[in-house]
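Enquirer: In case you want the letters, here they are:
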Amino acid sequence: MSIWEYANPKKFMETTARLMPWLVALTAVTLIPGLVWGYFFSPEAENFGTSVKIIYLHVPSAFIAINAWIMMLVASLIWLVRRHHVSVLAAKAAAPIGLTMTLIALITGAIWGQPMWGTWWAWDPRLTSFLVLFIFYLGYMALWEAIENPDTAADLTSILCIVGSVFALLSRYATLFWPQGLHQDASLSLDKAEHVADVYHRPLVLSIIGFVLLFITLVLYRTRTEVRARRLKALQARERMA
Amino acid sequence: MMPDLGKYETVILSSYGASLLLIALLILASWIRARRVQRELSRMEEHRRHAKRPSGPPDAGAGAKEDS
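Here the protein sequences come in this chain order: A and B.
Add 100 to a position in the first sequence, counting from 1, and you land on the number used in our numbering.
Numbering follows our numbering, in which position 20 of the second sequence is assigned residue number 18; successive positions increment by one, without gaps.
Source of the hints: derived by calculation from the structure; they are not laboratory data.
Treat the numbers as computed from the prediction; the structure is a model and nothing was measured.
Mixed in with the good hints there might be a few duds.
[Unchecked claim] With a straight-line cut-off of 27 Å between C-alpha atoms, the simulated DSS-like cross-links for lysine-lysine are: (1) A:333 x A:111; (2) A:333 x B:50; (3) A:110 x B:50.
Could you put the whole structure together from the sequences, leaning on the hints where they help?
Expert: This is the structure we're talking about:
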């Protein structure tokens, strides 16, 4: 059995129909306890007080915002190389989720930044690259809507996705390239000495797993809709020609 | 049960409120579009099935009644 079998829309629809209830349940049992743990039971931080509770939303949403674009890049490359419709429809399905997560990261960051940094916004490298990423998400979605021919739209949005990947990577590594910004380094690291204390780390990891599962569930759900929408368009075109 | 959020109460509540609202809107929008597309596709497929069906006598049941 090969992964390319799932490029067949029928196989994809059958498999995901079986997976969906499990994914919804898994998302609920990770995301809800992760956020409840973080909000109700995590202690105050020495430097940030209770405002530390925002990391259970800010870090997972920022993580998804960047990685959603990376997923879209991989799916777009598969489309450009192998012309599998399901892959490019998955990229299209992921864009509104990435956009929402980028917006959540920007909003929670601004709300947190006001009391901590004394400003809602600064032209800091990470903040700026996130804003550019947000604009790329909007542009990607607008391009899909603007082009009538679905294959041409898939080609052009895939190219836009490759260009936007620079900003997705920049958002991730901006604090390494330009350490003079306001934004602190990554909250999670493989180096135990660098990342947040265990008492924040455990609910944070659970929240991130919840957000990842929410992303996967929504991408599959929305891709199923896009597969159906594509078939609907094809049938409508056939009807018009008949 | 409710944690004492101190001076950051507004900051935390508005962050959670805005984030959960955006996630709820995303889920709702995905669900509404899925339902609409599925309904239109079902209607279109039903229409095609009727169009494809081979045309038989206009009303076989009526004919049988007349025979009896």
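Enquirer: Does each hint hold? Answer for all of them.
Expert: Hints, one by one, checked against the model:
1. A:333 x A:111: This hinted pair holds, its Cα atoms lying about 20 Å apart.
2. A:333 x B:50: With Cα atoms ~19 Å apart, residue 333 of chain A and residue 50 of chain B stay inside 27 Å; holds.
3. A:110 x B:50: holds (22 Å)
The structure shown violates none of the earlier numbered hints.
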